[in-house]
Each structure stands twice: as C-alpha cells, then as structure tokens.
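Novice: Let the sequences and hints guide you as you build the complete structure.
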Amino acid sequence: MPARVVILGGGVGGTLAANLLQKELGGDATVTVVDGTGMHIYQPGFLYVALDQANALWLARDERTLLRKNVELVVEHATRIDPSTQTVALAHGGSLSYDYLVLATGSRLERDAIPGYGDSHDFYSFEGALRLREELRRFKGGRILVGVAGIPYKCPPAPVEFVLMLDEYLRKRGLREKSSVTLLSPLNRVFTIESASKLVQPIFDKQGVGLSTFFNVESVDTAKHTVSSLEGETAEYDLLVLVPPHRGAAVIESSGLGDEGGWVPTDRNTLQHKSFERILALGDATDLPISKSGSTAHFEAPVVASRIASFVHGTAPRTAYGGQVMCFLETGGGRATSLRFDYAHPPIPPKPSRMWHWAKWAFNRAYWVTIPQGRVG
Amino acid sequence: MTLTETAVTKTIDARGMACPGPLLALIGAIRQGHVGDTFAVLSSDAGSKTDIPAWCAKAKHEIVEVVDEGGFVRFVVRKAH
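Residue numbers (my numbering), protein chains in the order written: chain F, 1 to 377; chain D, 1 to 81.
Calculated from the structure, these hints are not laboratory results.
Just so you know, not all the hints are guaranteed correct.
[Claimed, not checked] The calculated SDA-like cross-link candidates involving lysine to any residue, where the alpha carbons are at most 25 Å apart (straight line), are:
hint, chain 1, residue 1, chain 2, residue 2
1, F, K274, D, Q32
2, D, K58, F, G210
3, F, K274, D, R31
4, D, K60, F, K206
5, F, K178, F, L109
6, F, K23, F, L73
7, F, K224, F, P302
8, D, K58, F, T32
9, D, K79, F, G232
10, F, K23, F, V376
11, D, K10, F, A344
12, F, K274, D, R15
13, D, K60, F, T226
14, F, K69, F, P302
15, D, K79, F, E233
16, F, K206, F, G232
17, D, K60, F, T213
18, D, K58, F, T226
19, F, K140, F, E127
20, D, K10, F, L136
21, F, K198, D, F72
[Unchecked claim] To spell it out: a stretch of chain D is covered by chain F in this simulated footprint if at least three of its residues, at any positions, have a beta carbon under 8 Å from a beta carbon of chain F; those stretches are:
hint, segment
22, 62-68
23, 71-81
From a predicted model like this one, the values you see are computed outputs, not experimental measurements.
Glycine is no exception: its CB is placed at the ideal position from the N, C-alpha and C atoms.
Specialist: Now the structure itself:
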C-alpha cells in the first residue's frame, strides 16, 4: 500500500515539497495538498502593488496549475490535526489519514493584537496592498512613519525596501519636499544584519530618510495620530504603515501543536516536529528564529521531501537543513543587493547595483515557471 | 546545571541565524511572554554582546546572566514589565 503524505498549505513550501515528493516517490506514495483557498499567492509582489509598480492580477494563480498531475489537491480548510490517530479533520466534516504530515501552513496576520491598528496601512496582504496603493495615490504630503508591530514577521528586509522605494515614489510624484519618511526600526540599526545595515545607512542619509531605533510598535492612538513603542517612546504621523503582528495558523493552535505564538516547535536540522516524528514543518510555520520568507521555505522543501522519501523507503535520511536563505534587498533608485547565508556562514552582501535589481525583477517574473516546480536548486 | 538553566521559561537557539537574528527573536519572545518570564537566547553573533544589553537597558528588562559558552554566548533576560 502506498504511503500517505498529506501537506497542509499550498504556498511556496507546500507546493514545492508536494511536487518533489511525487517526483521522487512516484507510485510508492499518495501526495495530497490541502489548501483553504486553492489559490497560490506570490507575496513578494505586495510591495510592488502598494507602490503602483505592478498589477495585482500578476500575484495569484490557481494552485492546481502549479502541482504535478498526480498530486491531489483538496480545497478546504484543515481544522484539526490528531497525531495519535494520524488524521486531519477538514472544515466540511471529512478527514484525511496520513503516514507523514507536512505543516506548510504559513503565518496569519493578527492586526487586532495592536490597540488602534485600524487606521494604519500595510503591504502584507492583497487587501492591505490595494488599500495602501489608494491611500498613496491620494497622498498630498506629510509625515510618513513605517514601523514593525510584531515579531516574528515575514521578510525582514521588506520595511527597509518599502521605505527606500517610497522615497523614490514620492520624488517621482513631486511630493518628497512636502513629506518626511521615517523608519521605526525594532533594532538599534537600520537592518537586522549589520553588514547589510552598513550598506543601507548611507542611502538613508543621502536620501534624507529618517531612522528611529529601538522602536517596537506597541499601540496606536488614532485620535491623536501617534504611535507608541514598547520602549516607551511616541511619534506623530500623518500616514502610518505597519508590518502587522503575525501568528501561526489557526489549525496549529487548535490542535495544540504550536508554541504560544502558534509556531511549530521544529528541529533546526531535521525539520521534524520536536514531539511528533511523522510531522515535519517548513517555511513560516516553524518556530525557528530564522527569516520567515519564501526563500527559507524554498530551501527547506527539498530537505522535507528527501527525508520523507527516505522514511518511506526505509533508508537513512541523506539531507538536513543547514539554515540556507537567499534574498534580495531593494535599495531604491533601481538598485538592489543580495543576502545569502546559512547557519555556518553569515551574509556578505555586495554593493547595491542595478544588476541585483534586475536579478530580482527577473526572479519575480520567472517565479511561476521555476520555483514551485523545483526547477531552481 | 546552573540555577538559571532550570528556571528559564524558554530557550531560543539563534546560533548561526543571521536574519532576523538573536535580538529580534528575544524581543519577539518578550512581546509574547508574561511579566516575570525569563528567556535564554543562544547567540553566535558578535553584535549580540552590545545589542542585547543596549535593548534591555532601553526597554527596561533585566539581564539575569551573560555566559560565554565558547563559540556562543548565552543571555538570560527577565521580562520586567
């Protein structure tokens, strides 16, 4: 009887893991992806939509078109996982049994966790990006603050990229002289990685972009137009853009499989759940203190697929996750840099250049025909 | 085993994790935690030796212990408010 592999989540990690597993195991396993929407969203595109550089239609595809023919897709929300019976309950009453389960459930935004969040904007969802785009189209100048309202959050470079691209956007529209742009950084520097921070800080200085350090957004007063930090400071805004608080998926929490933030306790090398060896996790869903990004999921998916294939075949696993992440960082003015690192090697980012900007652009364009299918290693 | 090792609410192994890094992981844990919780962060990033104490001083959380374990440093921080 073929092994039953169930994958919860049809994002980059779940889709790639499904395709690799089906390819490697063939008739030795059934591979089923469960996704609540059946739509695959290319989330790095939100930034470009918010800043009027891309059409929102570019960001979504039918998940079915990205999966290999023999991968089954179930478009339903998973509501509960029971590791003792190895079953997943579905929203409409059915259930699926598994021999191996992959949690690729991503993260969800929890805007309500911040008092007064309602007035602010973000570029972390379709709706958020479109709403911010409209707000920016109406914007006539003023004080813009960009902050982080929860940790962990997806794509740590995104607020820096947004601020530098916003600076350029305002210049093009003739609004930069009438506006101030300030990044409220959760850390004591512009970016989490010090070497990258040293590249970006001079660009902030040159462009006149402000920086408030150790400012972790705690609450917003919409009547006074002020935002306050965990560290006890307050700042005034005319337009507030926040990275919303993130949590793990509801099904992880309702099944008691996560920590207090809903993140899955995951071994940093084997990617197995720390309590249930037949459950593996990848991407945003894990509790690993590593970037929550498509890139992380992309590097983890082959490890998850290969390890499950080994379990099915009864052989020793040949691969482990070494902390690999690669990402681009837009620095404005049509330039970008790149960050590549793993557990053993910190990143050494190259000087921002047009080449990396075009590399990111080409990656964005080629995503649909390369990444979910495993055509880029 | 030291006293603090038995008392920590949660240990965050951020060794080799350049991004988002040990301090952001600690801030995240403190945001989620309760007053009085203690968090141990393991960091191999040289910057943590200045960054973590600087943030704790500004945000007024208590550093209970800093131990150089050889190759990495173990910071224990208590959420004070």
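Novice: Each hint: holds or not?
Specialist: Structure-based check of all given hints:
Note on K274 (chain F) and Q32 (chain D): the hinted pairing holds, with a Cα-Cα distance of about 21 Å set against a maximum of 25 Å. Distance restraint check for K58 (chain D) and G210 (chain F): the Cα-Cα separation of roughly 20 Å lies within the 25 Å cut-off, and the hinted pair is therefore satisfied. Restraint check: the Cα-Cα separation between K274 (chain F) and R31 (chain D) comes to about 23 Å, which is no more than 25 Å; the hinted pair holds. A C-alpha spacing of about 33 Å is found between K60 (chain D) and K206 (chain F), which places the hinted pair above 25 Å, so the restraint is violated.
Between K178 (chain F) and L109 (chain F) the CA atoms are separated by roughly 32 Å; this puts the pair beyond 25 Å, and the hint is violated. Proximity of K23 (chain F) to L73 (chain F) is assessed by CA-CA distance (about 16 Å); at most 25 Å being required, the pair is judged to hold. At roughly 50 Å between alpha-carbon atoms, K224 (chain F) and P302 (chain F) are farther apart than 25 Å, so this suggested pair is violated. For the hint pairing K58 (chain D) with T32 (chain F), the CA-to-CA distance comes to about 49 Å; that exceeds 25 Å, so the pair is violated.
For the suggested pair K79 (chain D) and G232 (chain F), the alpha carbons sit about 15 Å apart, so the restraint of at most 25 Å is met. For the proposed pair K23 (chain F) and V376 (chain F), the alpha carbon gap of about 15 Å is at most 25 Å, so the pair holds. Only pairs whose Cα atoms come within 25 Å are accepted, and K10 (chain D) paired with A344 (chain F) is accepted, the gap being roughly 24 Å. Distance check on the hinted pair: K274 (chain F) and R15 (chain D) sit about 18 Å apart at the alpha-carbon level, within 25 Å; holds.
For the hint pairing K60 (chain D) with T226 (chain F), the CA-to-CA distance comes to about 22 Å; that is within 25 Å, so the pair holds. As the CA atoms of K69 (chain F) and P302 (chain F) are separated by approximately 19 Å, the hinted pair is consistent with the 25 Å bound. Only pairs whose Cα atoms come within 25 Å are accepted, and K79 (chain D) paired with E233 (chain F) is accepted, the gap being roughly 18 Å. Our distance criterion of 25 Å between C-alpha atoms is broken by K206 (chain F) and G232 (chain F), whose separation comes to about 29 Å.
With a CA separation close to 15 Å, the supplied pair K60 (chain D) and T213 (chain F) stays within the 25 Å bound. Proximity of K58 (chain D) to T226 (chain F) is assessed by CA-CA distance (about 20 Å); at most 25 Å being required, the pair is judged to hold. A threshold of 25 Å between alpha carbons decides the hint, and for K140 (chain F) with E127 (chain F) the separation of about 22 Å falls inside it, so the pair holds. A C-alpha spacing of about 42 Å is found between K10 (chain D) and L136 (chain F), which places the hinted pair above 25 Å, so the restraint is violated.
Pair hint K198 (chain F) plus F72 (chain D) holds up; C-alpha atoms about 24 Å apart against a cutoff of 25 Å. Closer than 8 Å: that is the beta-carbon criterion, and the segment 62-68 of chain D has 0 residues meeting it against chain F, so the requirement of 3 is violated. A stretch counts as covered by a chain when three or more of its residues have a beta carbon under 8 Å from one of that chain; for the segment 71-81 of chain D and chain F the count is 0, and the coverage is violated.
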